[in-house]
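Each protein sequence line maps, in turn, to chains Y and E.
The first sequence begins at 6 in this note's numbering and counts up by one.
The second sequence begins at 6 in this note's numbering and counts up by one.
Please note that a few of the clues may not be correct.
The list treats identical chains as one, so a pair stands whether inside a single copy or across any two.
[What the hints assert, rightly or not] In silico PhoX-like pairs for lysine-lysine, Cα to Cα no more than 20 Å straight-line:
id : residue 1 : residue 2
1  : K650      : K197
2  : K257      : K555
3  : K579      : K538
4  : K634      : K357
5  : K650      : K116
6  : K579      : K357
7  : K575      : K116
8  : K538      : K357
9  : K650      : K357
10 : K197      : K153
11 : K257      : K153
12 : K555      : K650
13 : K579      : K650
It should be emphasised that the hints constitute simulated quantities derived from the structure, not laboratory data.
Predicted model only: the values in this text are computed from it and were never measured.
2 protein chains.
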Amino acid sequence: MEYMYIAVIAGVLGLAFALFSVFYVLRQGEGSERMREISAAVKEGALAFLHREYQILAIFVVVVAIILGFVLGWWVALAFVFGALCSMGAGYAGMNMAIRSNARTAAAAEKSLNQGLRVSFRSGAVMGMCVVGIGIIGLSILYFAFHKFGAEEFIKIIPAYGFGASGVALFSRVGGGIFTKGADAGADLVGKVEAGIPEDDPRNAAVIADFVGDNVGDVAGMGADLFESYVESIIATMALCTVASLGGWLAKDNLTAWYLPMMIAAGGIIASIIGALLVRVGEKPEMGALLTALRRGTFSASILAAIFAFLAVYFLAENLNPFWAVLAGLIAGVLIGESTNYFTSYAYSPTKAVSFASTTGAGATIIRGFANGLLSILPPFIFVAIALMVAFHFASFYGVAIAGIGMLSTLGITLATDAYGPVADNSGGIVEMCHLPPEIRERTDALDSLGNTTAATGKGFAIGSAALTALALMLSYAVAVEIVQIEPGGGIRFSTEVAQKMSLLNAPMIAGLLIGVMLPGIFCSLTLTSVGKTTSLIVDEVRRQFREIKGLWEGTARPEYGRCVDICTKTALKEMLIPALMAIVVPIIVGFVLGKYALVGFLMGAIASGFLLAITMANAGGSWDNAKKWIERGNYGGKGSDAHKAGVVGDTAGDPMKDTSGPSLNIMIKLMSVISLVLAPVMVSWGGYTTW
Amino acid sequence: MEYMYIAVIAGVLGLAFALFSVFYVLRQGEGSERMREISAAVKEGALAFLHREYQILAIFVVVVAIILGFVLGWWVALAFVFGALCSMGAGYAGMNMAIRSNARTAAAAEKSLNQGLRVSFRSGAVMGMCVVGIGIIGLSILYFAFHKFGAEEFIKIIPAYGFGASGVALFSRVGGGIFTKGADAGADLVGKVEAGIPEDDPRNAAVIADFVGDNVGDVAGMGADLFESYVESIIATMALCTVASLGGWLAKDNLTAWYLPMMIAAGGIIASIIGALLVRVGEKPEMGALLTALRRGTFSASILAAIFAFLAVYFLAENLNPFWAVLAGLIAGVLIGESTNYFTSYAYSPTKAVSFASTTGAGATIIRGFANGLLSILPPFIFVAIALMVAFHFASFYGVAIAGIGMLSTLGITLATDAYGPVADNSGGIVEMCHLPPEIRERTDALDSLGNTTAATGKGFAIGSAALTALALMLSYAVAVEIVQIEPGGGIRFSTEVAQKMSLLNAPMIAGLLIGVMLPGIFCSLTLTSVGKTTSLIVDEVRRQFREIKGLWEGTARPEYGRCVDICTKTALKEMLIPALMAIVVPIIVGFVLGKYALVGFLMGAIASGFLLAITMANAGGSWDNAKKWIERGNYGGKGSDAHKAGVVGDTAGDPMKDTSGPSLNIMIKLMSVISLVLAPVMVSWGGYTTW
């Protein structure tokens, strides 16, 4: 039986749910003329950025496709282009929805909180479902097109699909991340700090750029990031088919080893749709009730996904081993999300301690928040290590890859809860800018605040799945490059010469690992600096407008919002190039100089250190953000107190860490791993220039 | 011929130079009664802390010695105790000199700048020479006592000497680091920020604790750190003797393979003495002239050390291979020091950029400084990777270890230039507290400022050598635990089963590596938090004294300095326990749960990630510190401007990073590696509980 049709059906169902959500959202009113006007400005800016970004991407895609075509063949090039197009499509669809939902959410919140949640969540669901739907349909198409070439050819072609998605994700995350935080910090610095006007004040020329940033960074960037994880975890599993099928250990043949990941993913889509339908809330604008509503959705989806995965394994596989791997990944994902929430929400002691530290000054805020971020690496590392051990124990390399699918199987809904945040944030801004009554702002604030919590959970989830996916890709690389021989039953074996080169006791391996550990640090440094540059350009521009535009300060004239959007766009696109190229070029250089063995050490080092820095940055940043919010709720002197000023410093410092550098690392580690996998056929006979 | 006598003679010469410096310094006048009084208070506090710390250490040493005795035999226990005693002796001697030199340096600076430099530098030289002298004599004694047991026994016993030194270093660095930064930040927060009185104002109750901290943290802690690196790099080389002697590849027998590192170290001591004698300066209190004076000393010493190493290799070894390894280490050490200086001195653009960022607020200061710290990992990682490849290429494992000795061979003088800094800092404080004329303060400021530069270089050097030493210890562990078979000519070979377990493609190995990468982060987090706790206790105490002691504010009454010293002592000693125990216990747990193979992955991960975090923290901290100083020199509005306030935030945040957490990581990675080596005889037949 051709099980792949089930995957296609699940994908179509996902897209149908997305479409249904689109119609639902577009049916809602857009509110007053002023609201429509603001929303239109955001829409215009966001689309302008995305179009310019996609132009650069187009050049990148064409150049890389030509290189791939000559080096690895035109089918590989085609798969690469297809992957890039799919990722762009998903990102474009999701963001297009988000920018159409902000005013609608604001207008819906005028009616009721429940209505506000429904509109914004449905808008997020469009992103979530598009990612999983397009992802799985794209992979199915690749399957139908190429699997008849035979397993060996097929698994050489599909990684390029992931590479295409990676490329788009890299540019979206890094470019979008620089845009969003440059605009955000710039708007805050001149507005809140210097001019003393409230956040989202319409006189601030950077405020629209800030809204645009939420969409291009947090929606499109996040979507591309998780699209990449999603398809790459499936690709890694497929590429490792022989591990499962050798001697009929887990699957009776390669075909079954390919069906299995797709069926688990398909089950996850259905589970996500059901979960999404369960999200609804009562009328009291209470954090607790909102969170419960979303949790009901995600937890139900997780349980259903586990059940579907069990069924898929039960009917397809030779034994239940792969199911335990899936379960380990699924549970680890949920736990990592929860741990992120614990370390960054002001409901718990770590973030409260950051608020308290603010009473002794900004220096103490920084230290406490940073210490908090560093401590927060403990659960994700332990959970990933355990999931890895369990998955490996039951299903060897194949298990690690399929555990990644387990973690990501409910992506349809988890991404929905994540992408809804920026919509709620935008809608709150629109409420502010249109001077709507305070009870409306209270509702959008509740939605926004919830968005921060789900964003924290979602971020932990994105990082954890990135690490697991990258590990799986690294293992696929090792198999593809013929470093290791797989034995029936998942055992691995090396020839004697390879063993010496592959151990951690060989100089090129150690050097590779050191360089790998170093690289994410350099990458972070570059992206942090880029945000700083964008910020100071924005600060200068807003100051200039306040100085030169008559009547702006009094509110009789409008600022030139477009100029700030333009500056952010140009700077972000320019600044993203060096880090992006670095992530693409360095693994190739390492592979060619130190050889195919040391490249494993390089990837492993980069994955581990990227994981460490990504979590630290995301959680330190999240915790500074919420520590400030906790003070603003009236603790330690509340708004305007010295503690609050210290809290603001922490928040400002944390913003680019948590929203630019941290998330970009996810892409970096996956991208470097998938490039290695794509290039495996070229590397297979390359021991490097070194003679050790 | 018994070459070891040459080592003993070099050690004795080092100690003689130290003694000569002691007499020189003690001959100098101590200045006015007030100066003597302050100096006496610092002396009392520092000795009180050291005594209490040594009491705790004594318990630790006895307990561990008993365990070692039962598990590995009483000779091992004895070597352990001996190592601890040697390290304590060196630290005690160095600090005892430092606390007797602060007032004398201040008094000498009253005469002339040259005199001030001479006194403070000679005081630092006592520390430097004691460390190398006691280190090499201690190792010689071990050699004479145990080498006749045969190579196999001997190399089981000597690592315990390093373990003893490690234990002392851990407690000194962590405890001293928490003390010094808790006191420093506390004194600044209440004094400079809250009360608006100058730094080192005698009315501030925490000011003596701050001086004490400089001595216990920066002198005793740094000394113990480098004592450890020094002896452990020699021990690792000795333990790897078979790599050199097998088939007479590098050395004709094990004896020669032991002589070689000792002779290179002995040559380094002579080189350092000659270099130290070349340090003198003209009369203009100019940074440039002072720096040139110190550089003349260290560069001459480096060149001489290289020449001596060449002679040692030429006469002792079978070929010149080991010399290239030594040279690689020596050059890498110098370059790492220079790169640290580039990233942290305000003479160069990275730190100036931090100052400039301060004009947009404290958040920008933090981001720019942190980005700077992250970028600064590039040179040390690349230099260590290259040194490792070169050393490995020429002399395999033995080469890596002996490269560490190369890097540390001029320790006698580099440590002198480092330990002199806190003395200069203290003397400046005494000048301030005694209201001496401004030109004297100007001279001590010049000395202090130079001290910051040499401290930055020294810190880079300490970190680089720690990484290389830890790598060498890890390789020694792998040999000792019989994971790898050495072949004549330095080749390595694995049995087929071991190969599978040793590759980076095995789950326990990956899990071990992940946990290793994680641990330094947790360690940093704990130590950062401890500094915060100490700081807030000090702040409370100083506030209390201002409130309760009548006449204190007016300057008619004296604060109770002892109370603050006491609080710092208690808190530091309490807070150091958990991180210290963690560093000792976790490698043992990992070894027993994941097995002896995965422990290699664990160590490798910890070394790489510890290296990354240590450099980032040291250089971000150094760069914040100097960015503030650059503003204070009148740039971007100078003292009191908004930029200055932002700069102070960066400095406060950076202090515990650069002086507590960062340096403590050096010890952590060496300690975990040496514990593994010591326990190798027990681990040798232990595959772990895992069944992969």
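**Request:** Could you place K538 and K357 in one of the four classes (within, between, both, neither) given a Cα distance threshold of 20 Å?
**Result:** Result: close only across copies, 15 Å inter versus 31 Å intra.
**Request:** Tell me, please, which holds for K257 and K153 at an alpha-carbon limit of 20 Å: within, between, both or neither?
**Result:** Within one copy only: 18 Å inside a chain, 63 Å across chains, cut-off 20 Å.
**Request:** Please work out whether the CA atoms of K650 and K357 approach to 20 Å or closer within one copy, between two copies, in both situations, or in neither?
**Result:** within (16 Å within a copy, 25 Å between copies)
**Asked** What label fits K579 with K538 when the C-alpha limit is 20 Å: within, between, both, or neither?
**Response** Within one copy only: 11 Å inside a chain, 43 Å across chains, cut-off 20 Å.
**Prompt:** Is the C-alpha distance from K555 to K650 at most 20 Å within one copy, between copies, in both cases, or in neither?
**Reply:** The answer is neither: 31 Å in one copy and 33 Å across copies each exceed 20 Å.
**Message:** Regarding K257 and K555, is the shortest C-alpha distance of 20 Å or less found within a copy, between copies, in both, or in neither?
**Reply:** neither (76 Å within a copy, 88 Å between copies)
**Message:** When Cα atoms must be at most 20 Å apart, do K634 and K357 count as within-copy, between-copy, both, or neither?
**Reply:** within (10 Å within a copy, 33 Å between copies)
**Message:** My question is about K575 and K116: at a cut-off of 20 Å on alpha-carbon distance, are they close within one copy, between copies, both, or neither?
**Reply:** neither (39 Å within a copy, 60 Å between copies)
**Message:** If the cut is 20 Å between Cα atoms, do K650 and K116 qualify within a copy, between copies, both or neither?
**Reply:** neither (36 Å within a copy, 47 Å between copies)
**Asked** From the Cα coordinates, with 20 Å as the cut-off, is the pair K197 and K153 best called within, between, both, or neither?
**Response** neither (61 Å within a copy, 75 Å between copies)
**Asked** Under a CA distance limit of 20 Å, which applies to K579 and K357: within one copy, between copies, both, or neither?
**Response** Neither: 38 Å inside a copy, 24 Å across copies.
**Status of K650 relative to K579 across identical chains (alpha carbons, at most 20 Å)** = Neither. Shortest intra-copy (33 Å) and inter-copy (32 Å) distances fail the 20 Å Cα cut-off.
The earlier numbered hints that this structure contradicts are 2, 5, 6, 7, 10, 12, 13.
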